[in-house]
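Chains A and B, in that order, give the protein sequences. Residue 329 in numbering that gives the first Met the number 0 sits at position 330 of the first sequence, and the numbers go up by one each step. Residue 263 in numbering that gives the first Met the number 0 sits at position 264 of the second sequence, and the numbers go up by one each step.
No lab work stands behind these hints: they were computed from the structure. Please read all numbers here as calculations on a predicted model, not as lab measurements. The reader is advised that the hints may include incorrect statements.
Below, in silico cross-link-like pairs of lysine-lysine (DSSO-like), each with a Cα-Cα straight-line distance of 30 Å or less [to be verified]: (1) B:Lys-337 to B:Lys-426; (2) B:Lys-334 to B:Lys-122; (3) B:Lys-337 to A:Lys-270; (4) A:Lys-270 to B:Lys-334; (5) A:Lys-122 to A:Lys-438; (6) A:Lys-438 to B:Lys-270.
Sample of chain B residues with no beta-carbon within 12 Å of chain A, all distances over it, derived [said to hold, decoys possible]: (7) Leu-21; (8) Thr-117; (9) Ala-343.
Glycine included, C-beta positions come from ideal geometry on N, C-alpha and C.
Protein chains: 2
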Amino acid sequence: MRPLRIGIAGLGTVGGAVLGNLLQNADRFADVLGRRIEVTGVSARARAKKRGVSIENLRWFDDPVELAVSPDIDAFVELIGGSEGPARVAVTAALGAGKHVVTANKALLAYHGFELATLAESKGVALLFEASVAGGIPVIKTLREGLIGNEIKRVYGILNGTCNYILTKMQDEGSSFEGALAEAQALGYAESDPTFDIGGMDAAHKLALLTCLAFGTRISIDEIHCEGIEHIRRADIEAADELGYHIKLLGVAQRTESGIEARVNPVLVPKDSAIGEVSGVTNAIEIEGDYVGDLLLVGPGAGARATASSVISDIVEVARGDCLKPFIVPAAMLKPHKKATLGAHRGAYYVRLLVHDRPGAMASIAGRMAEHDVSLESIVQRRPRKLDPGAAPKVNSNNTMQLVLITHDTVEASIRRALELIEQDGKIAGRAQMIRIEKL
Amino acid sequence: MRPLRIGIAGLGTVGGAVLGNLLQNADRFADVLGRRIEVTGVSARARAKKRGVSIENLRWFDDPVELAVSPDIDAFVELIGGSEGPARVAVTAALGAGKHVVTANKALLAYHGFELATLAESKGVALLFEASVAGGIPVIKTLREGLIGNEIKRVYGILNGTCNYILTKMQDEGSSFEGALAEAQALGYAESDPTFDIGGMDAAHKLALLTCLAFGTRISIDEIHCEGIEHIRRADIEAADELGYHIKLLGVAQRTESGIEARVNPVLVPKDSAIGEVSGVTNAIEIEGDYVGDLLLVGPGAGARATASSVISDIVEVARGDCLKPFIVPAAMLKPHKKATLGAHRGAYYVRLLVHDRPGAMASIAGRMAEHDVSLESIVQRRPRKLDPGAAPKVNSNNTMQLVLITHDTVEASIRRALELIEQDGKIAGRAQMIRIEKL
Numbered sequence: 000m001r002p003l004r005i006g007i008a009g010l011g012t013v014g015g016a017v018l019g020n021l022l023q024n025a026d027r028f029a030d031v032l033g034r035r036i037e038v039t040g041v042s043a044r045a046r047a048k049k050r051g052v053s054i055e056n057l058r059w060f061d062d063p064v065e066l067a068v069s070p071d072i073d074a075f076v077e078l079i080g081g082s083e084g085p086a087r088v089a090v091t092a093a094l095g096a097g098k099h100v101v102t103a104n105k106a107l108l109a110y111h112g113f114e115l116a117t118l119a120e121s122k123g124v125a126l127l128f129e130a131s132v133a134g135g136i137p138v139i140k141t142l143r144e145g146l147i148g149n150e151i152k153r154v155y156g157i158l159n160g161t162c163n164y165i166l167t168k169m170q171d172e173g174s175s176f177e178g179a180l181a182e183a184q185a186l187g188y189a190e191s192d193p194t195f196d197i198g199g200m201d202a203a204h205k206l207a208l209l210t211c212l213a214f215g216t217r218i219s220i221d222e223i224h225c226e227g228i229e230h231i232r233r234a235d236i237e238a239a240d241e242l243g244y245h246i247k248l249l250g251v252a253q254r255t256e257s258g259i260e261a262r263v264n265p266v267l268v269p270k271d272s273a274i275g276e277v278s279g280v281t282n283a284i285e286i287e288g289d290y291v292g293d294l295l296l297v298g299p300g301a302g303a304r305a306t307a308s309s310v311i312s313d314i315v316e317v318a319r320g321d322c323l324k325p326f327i328v329p330a331a332m333l334k335p336h337k338k339a340t341l342g343a344h345r346g347a348y349y350v351r352l353l354v355h356d357r358p359g360a361m362a363s364i365a366g367r368m369a370e371h372d373v374s375l376e377s378i379v380q381r382r383p384r385k386l387d388p389g390a391a392p393k394v395n396s397n398n399t400m401q402l403v404l405i406t407h408d409t410v411e412a413s414i415r416r417a418l419e420l421i422e423q424d425g426k427i428a429g430r431a432q433m434i435r436i437e438k439l
Numbered sequence: 000m001r002p003l004r005i006g007i008a009g010l011g012t013v014g015g016a017v018l019g020n021l022l023q024n025a026d027r028f029a030d031v032l033g034r035r036i037e038v039t040g041v042s043a044r045a046r047a048k049k050r051g052v053s054i055e056n057l058r059w060f061d062d063p064v065e066l067a068v069s070p071d072i073d074a075f076v077e078l079i080g081g082s083e084g085p086a087r088v089a090v091t092a093a094l095g096a097g098k099h100v101v102t103a104n105k106a107l108l109a110y111h112g113f114e115l116a117t118l119a120e121s122k123g124v125a126l127l128f129e130a131s132v133a134g135g136i137p138v139i140k141t142l143r144e145g146l147i148g149n150e151i152k153r154v155y156g157i158l159n160g161t162c163n164y165i166l167t168k169m170q171d172e173g174s175s176f177e178g179a180l181a182e183a184q185a186l187g188y189a190e191s192d193p194t195f196d197i198g199g200m201d202a203a204h205k206l207a208l209l210t211c212l213a214f215g216t217r218i219s220i221d222e223i224h225c226e227g228i229e230h231i232r233r234a235d236i237e238a239a240d241e242l243g244y245h246i247k248l249l250g251v252a253q254r255t256e257s258g259i260e261a262r263v264n265p266v267l268v269p270k271d272s273a274i275g276e277v278s279g280v281t282n283a284i285e286i287e288g289d290y291v292g293d294l295l296l297v298g299p300g301a302g303a304r305a306t307a308s309s310v311i312s313d314i315v316e317v318a319r320g321d322c323l324k325p326f327i328v329p330a331a332m333l334k335p336h337k338k339a340t341l342g343a344h345r346g347a348y349y350v351r352l353l354v355h356d357r358p359g360a361m362a363s364i365a366g367r368m369a370e371h372d373v374s375l376e377s378i379v380q381r382r383p384r385k386l387d388p389g390a391a392p393k394v395n396s397n398n399t400m401q402l403v404l405i406t407h408d409t410v411e412a413s414i415r416r417a418l419e420l421i422e423q424d425g426k427i428a429g430r431a432q433m434i435r436i437e438k439l
């Protein structure tokens, strides 16, 4: 059988690792597949850049689009990144020219996955993107193939290693949010502009793809409710810990009666749960299916070699032939994403308030909760105590006390309304902190 | 494209769930695959048996071999079980007749996988067996496809739910081994003759398949060192717990300098490790690859619906076409399994001794350890205390004391020899208990 000829655009650390892996496994893949996988062309920004692997014998393309449509390739591997610009142009050109595409680009797929899948299907070529979600964890293969016989009820997990690293640091070492972020940046886990990670958008892109695969709906990044971890304070981590919880940034997508609830948000999870114990940059995804029950995958969510592991898996799949459609069912059959009303979310909530230590404050707060049918499972009020140096204040100098409440199951709209009124009543300092408690 | 016509032999709970799933997903699979999956024939022991799904409209075969070679099927799904007898005959016949085969039969593959894979390859048909290892967890797909670009260093895990259930009961509820086993039998988690599970053979079959897939070696069930949990006492569970460990029955396969170390054995693992926390009938498998790093899969290791989930995944893969070879590389290229010397295993050990409370006992034991270069990390000697009712004796009436030792890393042959001599010296009552401490 003739070789599968591939072109790789983007030779950063992931691209280098992919090249190295193909070199290392060249003979093995030939044995496994009955055909060779040959890199016939590459494209990147700087030709002379020092890489772990030599690209001397590979044809160089200044323009990734030229590589994408080259008659010398059968498959185009896009490792450029970004939802627009050269990545989008090159992938579109490659598919249009009847080339298979393998990409690690979550943003491209989150925004243009539907049109790209439609194009790939019309040309009868593969569009694979295992590396775009959760790095080295084969979660897309698991949803597309391993659990193909399941109706998925819920998929959720830790999809952003940067945030999990920061939260772990705050948890384990008592770091402040700012200190943990600075350390993540120093270690290369966070970008110099970390907004995309800590604001939850990175996780939202990944969740959009998982949602589409799990529920057979069109990708709609705009329909994903997205909250980051910027507002999580050490006081929250500590209070949650005392109550038996860890705080994690989770992406959660689940079927509800009113539609699909898809959200990225910090949540409290029991500290001894499998998800609650995942620490550092590790990712973890739990999938609930009607046949399999609960399946948990835990592994590296980033890193050049782990990401390359997923890219290679896709390349080998292309070499085998006969891939499933990009989003399992034909793109034209993907249902519109019917969004569940977020206000309709029912669950328990963690609330932290800085209460002015004046008569009647507690009565007023409790009254507002009762008015909105929010009942309380636990209440922890801290007497003022000496501040730990560097700690987020549990009490502050303005004579306030920290009040932490855990509610019984309630409707989100109710607790939100109650907290709005509590803020208006002037019994608390600053804003109320509210975090969902996730039922695992 | 014309339908994939399948015949199913064996209609127990798994077979029933497979039939139900194919019925439920008939239209969806047609959309996904562009072809229908049709069950055209079935075979089982009792035609009239009550099942969740009607088989009235399916052609009945009294003889599974007749079904296996029927011109009306393209793929044969074997759910009969057993390494010999009808399962082996029917699968061999099906492959010989050029039918794809999907099976959940670990014993069949552990004993005859090599010859069956050779036959399948010579006929150009698929032989898939996802359901044979770890029930609903897609671990075989992960090794075959998701991690295809990795050199696997180690694969290990909890592969037998019955044993893990028993150990969890002993751990969490203080049950005796016998009590926990009886409960597992009452709940249907253990057979009336539980030897196959608790002796470790069930896990060894699964480990043999994982070893072959991970390391590209021929299956050799006889080369797998197999110890069960029959000798684990509550005293061990309790002593391990005090030292920060849980006892788990693990299947472990790893590359070593002297060959492949493949063993099923009870081991101590840190109780806060991911594997240490897996409780009940759940299975968990960790895979270490040179690119991906560590990947952990946790899910249901048994149960009709979870197993069916894996069978269905294989059937859909057959319907797609172009599967990889049964053991990834062509069977003829599988290397002989070069067994590592187990005596060469290096690690830490847990030792529990019932020491006669006489002068010089401790000195004699410590001397034997020192002679064999075994140094001790911790020593816990219990003063006699009142027996908890129903508890395994920490001390017994014959004036012995329990001595628990944790060694530093040492060579297995040394500690074994030291314990032999200690037994011969007559300073201890009964046999020495020795359990490996697994490095995770």
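So, going through the hints one by one against the coordinates:
no. : hint                   : in the structure
1   : B:Lys-337 to B:Lys-426 : 39 Å, violated
2   : B:Lys-334 to B:Lys-122 : 22 Å, holds
3   : B:Lys-337 to A:Lys-270 : 43 Å, violated
4   : A:Lys-270 to B:Lys-334 : 45 Å, violated
5   : A:Lys-122 to A:Lys-438 : 43 Å, violated
6   : A:Lys-438 to B:Lys-270 : 24 Å, holds
7   : Leu-21                 : 8 Å, violated
8   : Thr-117                : 15 Å, holds
9   : Ala-343                : 28 Å, holds
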